[in-house]
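Got chain A sorted already, so can you dock chain B onto it with the hints?
Here is how the chains run, residue by residue.
There are 2 protein chains.
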Amino acid sequence: MVVTRSLMGAGPQPSCMLALSFLALVLWSAPGARALDNGLSLTPTMGWLHWERFLCNVDCEAEPDSCVSEQLFMQMADLMVSDGWKDAGYQYLCIDDCWMAHTRDVKGNLQADPQRFPGGIRRLANYVHSKGLKLGYKQMSLALNRTGRSIVYSCEWPLYMLPFHQPNYTEIRQYCNHWRNFGDISDSWQSVKNILDWSALHQDTIVDVAGPGGWNDPDMLVIGNFGLSWDQQVTQMALWAIMAAPLLMSNDLRHISPQAKALLQDKDVIAINQDPLGKQGYRLRKQGDIEVWERPLASLSWAVAIRNLKEIGGPSPYTMSLASLGRAVACNPACVITQLLPVKEELGFFEWISVLKTRINPTGTVLLQIKKPTLS
Amino acid sequence: MVVTRSLMGAGPQPSCMLALSFLALVLWSAPGARALDNGLSLTPTMGWLHWERFLCNVDCEAEPDSCVSEQLFMQMADLMVSDGWKDAGYQYLCIDDCWMAHTRDVKGNLQADPQRFPGGIRRLANYVHSKGLKLGYKQMSLALNRTGRSIVYSCEWPLYMLPFHQPNYTEIRQYCNHWRNFGDISDSWQSVKNILDWSALHQDTIVDVAGPGGWNDPDMLVIGNFGLSWDQQVTQMALWAIMAAPLLMSNDLRHISPQAKALLQDKDVIAINQDPLGKQGYRLRKQGDIEVWERPLASLSWAVAIRNLKEIGGPSPYTMSLASLGRAVACNPACVITQLLPVKEELGFFEWISVLKTRINPTGTVLLQIKKPTLS
Chain A
107 MVVTRSLMGA GPQPSCMLAL SFLALVLWSA PGARALDNGL SLTPTMGWLH
157 WERFLCNVDC EAEPDSCVSE QLFMQMADLM VSDGWKDAGY QYLCIDDCWM
207 AHTRDVKGNL QADPQRFPGG IRRLANYVHS KGLKLGYKQM SLALNRTGRS
257 IVYSCEWPLY MLPFHQPNYT EIRQYCNHWR NFGDISDSWQ SVKNILDWSA
307 LHQDTIVDVA GPGGWNDPDM LVIGNFGLSW DQQVTQMALW AIMAAPLLMS
357 NDLRHISPQA KALLQDKDVI AINQDPLGKQ GYRLRKQGDI EVWERPLASL
407 SWAVAIRNLK EIGGPSPYTM SLASLGRAVA CNPACVITQL LPVKEELGFF
457 EWISVLKTRI NPTGTVLLQI KKPTLS
Chain B
107 MVVTRSLMGA GPQPSCMLAL SFLALVLWSA PGARALDNGL SLTPTMGWLH
157 WERFLCNVDC EAEPDSCVSE QLFMQMADLM VSDGWKDAGY QYLCIDDCWM
207 AHTRDVKGNL QADPQRFPGG IRRLANYVHS KGLKLGYKQM SLALNRTGRS
257 IVYSCEWPLY MLPFHQPNYT EIRQYCNHWR NFGDISDSWQ SVKNILDWSA
307 LHQDTIVDVA GPGGWNDPDM LVIGNFGLSW DQQVTQMALW AIMAAPLLMS
357 NDLRHISPQA KALLQDKDVI AINQDPLGKQ GYRLRKQGDI EVWERPLASL
407 SWAVAIRNLK EIGGPSPYTM SLASLGRAVA CNPACVITQL LPVKEELGFF
457 EWISVLKTRI NPTGTVLLQI KKPTLS
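Chains as they are written, first to last, in this note's numbering: chain A, 107 to 482; chain B, 107 to 482.
Same shape as in the complex, but just chain A (with noise of 0.2 angstroms):
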């Protein structure tokens, strides 16, 4: 089974950040692939997906708040306006799997189910859209048929595939504006780091194909639910933004908690996933169980994030020669240091000789912005 999913109502993005990533792009090289040239997704799209969160509950009778229903999108939708997440980037409303009806419409279409969707999709489109989000929502497809290229590479394509066909991302990216790399997530620490530890075993071949117009998707944000403990929803964000992954919440925006909400709606962890020079990072090293990624930004910024993977004690000190970050240009010769996660602290001024000292929780993250000095 081959999966799609289809943006409603989604417009090309502002010009004004197609002109700021084309600038920030000379300063490194032309993106290795052609990107799929629809105008969507220059950043990595931001949004909420019912999938990890409520799967395929059809049952409305026994639990009518937690089906999968017009009135659960419907929900989301207003708490999406209400409670800040469309201020923070969050703009996609998207339906996974189970939405439709087992038969066909009179026309021979597939149709949304008729007691849970009473209006259709067409409906709750309309109520989405009048709310200034867009809808996603995706269509399943047991067959190639005449767009069977796109929909065979867009989304979901689990790894037990790929042993005899590791895929093209050169040519996937002509085709899709995020593709999942790997297996469904689920809410459990195990899941997040196989993501990371496959992401960053593969990031020869993935890191590179990313880039505005096209994402590697390691899935949804499970930040919120009931796995994760807070220091490693810290590093799931932490990493999404390292990682220039598709933003994709899967949890109850009727019951999260504040730190959570947080989290999540972090506007400078956002801005690193939203960097308009659309890189993405990668692990630089690995020492024993202190893992670093960067990132570079726009304006010769750069992220970096650093990893505690140990899973016992307390927090571990780390120390970490500025030299050796961002290809030796980072620091270079001196740059303005924001701890952003787990707690925001301005670190101050360090000149390219200095030596950064930070203590990281077990399975945490701590998330770093390395910036140029402002001249004065």
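Any given hint could turn out to be false.
Pairs involving identical chains hold if they fit within one copy or between any two copies, as the list cannot separate such chains.
In the DMTMM-like style, the derived pairs of lysine to aspartate or glutamate whose C-alpha atoms are separated by at most 25 angstroms in a straight line are [claimed, not checked]:
| id | residue 1 | residue 2 |
| --- | --- | --- |
| 1 | Lys450 | Glu169 |
| 2 | Lys392 | Glu169 |
| 3 | Lys463 | Glu167 |
| 4 | Lys299 | Asp395 |
| 5 | Lys392 | Asp310 |
| 6 | Lys463 | Glu417 |
| 7 | Lys299 | Glu417 |
| 8 | Lys237 | Asp193 |
| 9 | Lys299 | Asp374 |
| 10 | Lys463 | Asp171 |
| 11 | Lys213 | Asp303 |
| 12 | Lys463 | Asp165 |
| 13 | Lys450 | Asp171 |
| 14 | Lys392 | Asp165 |
| 15 | Lys463 | Glu169 |
| 16 | Lys450 | Asp395 |
| 17 | Lys477 | Glu451 |
| 18 | Lys373 | Glu451 |
Simulated from the structure, these hints should not be mistaken for laboratory data.
For chain B alone, coordinates are given in the frame of chain A:
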């Protein structure tokens, strides 16, 4: 290497508890095994133990606040009194490994490291006792000595030593107040799950041997650290109560969230753990992703824990016939049920033929207390 843990300054428990225990026990059966008759641990030991959180950090120059030192234990002793831990029942302050100097004193005795414990164990013990707490510490022995038996069986017998040597718990019970059954815990959900799985798998061997004076020890509580989500912390607390496990926290009482503190100091849950009947609970059944555990309590009450093993999606509904609980007598002919975790809620009066509907978060647990209705 085999190890033992000594408890200094520990007097016998109040005799009222003994009386209650005796009264309740006759309703069941005489304990299957003779207990160590030292007056200790008539209920599972409660306290703080440095190991999981502070490990063998002996570098007080680089990390003065988190090395294993007199200062660390004195700070914890202060907080145990000032922050309500002692009042909640946490009486023992326990030192695990790494307190000793590499050399013996002039009399050939083991001695504390003079840099990190300048007043020796004696001064620390006096300080701890002055706070109304008790000090526990561990001695290592590389070979059996004349008290060899006691040493061998005391604590931390790693699983890998067992395949050819199934421990004789009846014998262990004659020498120890509690004994480790499984490998060391770490600050991860996988570790807690492994311990719970092992305990359920071996319950026919380990449950009946536990009782006043001698307890199975599934290892430290890691609540308040970095690796467990809120629901996973609830699961550890609930199941350690069901298993009549020693409640030995390993965390940093100087830095602990109010939520974790409230969970660890939950009077109702501690009362289940410390129930004077002293019978260990067991897994009653596993149905798909749901496990039901139960524990008989004094006064014909029961504790019931319902675990959701799922690591994806939202809370799972579960409907349970009350007649199936507590050997068919817990709610016969009627009972009053209180949900203790994840939040306290009086669920009210139920008849034997009733069902109870609950919802359990992924990786979380609902802990219930079932009592006989008060006659009025």
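Each hint, compared with the structure:
For a Cα distance limit of 25 angstroms, the shortest separation of Lys450 from Glu169 across copies, 23 angstroms, qualifies, whereas the shortest one inside one copy, 40 angstroms, does not. Taking the shortest Cα distances, Lys392 and Glu169 sit within 25 angstroms of each other only across copies (23 angstroms), while inside one copy they are farther apart (46 angstroms). Taking the shortest alpha-carbon separations for Lys463 and Glu167, only the inter-copy value of 15 angstroms comes in at or below 25 angstroms, while the best intra-copy value is 56 angstroms. In this assembly of identical chains, the alpha carbons of Lys299 and Asp395 lie at most 25 angstroms apart whether taken from the same copy (13 angstroms) or from different copies (23 angstroms).
Taking CA atoms no more than 25 angstroms apart as the test, Lys392 paired with Asp310 passes inside one copy only; the shortest distance there is 15 angstroms, against 45 angstroms between copies. In the homo-oligomer, the alpha carbons of Lys463 and Glu417 lie at most 25 angstroms apart inside one protomer (21 angstroms), although the nearest pairing across protomers, at 36 angstroms, exceeds that limit. Taking the shortest alpha-carbon separations for Lys299 and Glu417, both the intra-copy value of 12 angstroms and the inter-copy value of 14 angstroms come in at or below 25 angstroms. Within a single copy, Lys237 and Asp193 get their C-alpha atoms as close as 12 angstroms, which meets the 25 angstroms cut-off; across copies the closest is 53 angstroms, which misses it.
For the identical chains of this complex, Lys299 and Asp374 are intra-copy neighbours only, at 24 angstroms inside a copy versus 36 angstroms across copies, given an alpha-carbon limit of 25 angstroms. In this assembly of identical chains, Lys463 and Asp171 lie within 25 angstroms of each other by CA distance solely across copies; the values are 16 angstroms between and 47 angstroms within a copy. For the homomeric pair Lys213 and Asp303, neither the shortest alpha-carbon distance inside one copy (47 angstroms) nor that between copies (54 angstroms) is at most 25 angstroms. Only between protomers do Lys463 and Asp165 lie at most 25 angstroms apart by alpha-carbon distance; the minimum there is 17 angstroms, versus 53 angstroms within a single protomer.
Taking CA atoms no more than 25 angstroms apart as the test, Lys450 paired with Asp171 passes between copies only; the shortest distance there is 23 angstroms, against 36 angstroms inside one copy. In this assembly of identical chains, the alpha carbons of Lys392 and Asp165 lie at most 25 angstroms apart only when taken from different copies (23 angstroms versus 46 angstroms within one copy). Taking the closest pair of Cα atoms, Lys463 and Glu169 come within 25 angstroms of each other only across two copies (13 angstroms); inside a single copy the shortest separation is 50 angstroms, beyond that limit. Proximity of Lys450 and Asp395 under a CA criterion of 25 angstroms is satisfied intra-copy only: 24 angstroms inside one chain copy versus 39 angstroms between copies.
For a Cα distance limit of 25 angstroms, the shortest separation of Lys477 from Glu451 inside one copy, 14 angstroms, qualifies, whereas the shortest one across copies, 51 angstroms, does not. Taking CA atoms no more than 25 angstroms apart as the test, Lys373 paired with Glu451 passes inside one copy only; the shortest distance there is 14 angstroms, against 38 angstroms between copies.
Hint 11 from the list above is the single one not met by this structure.
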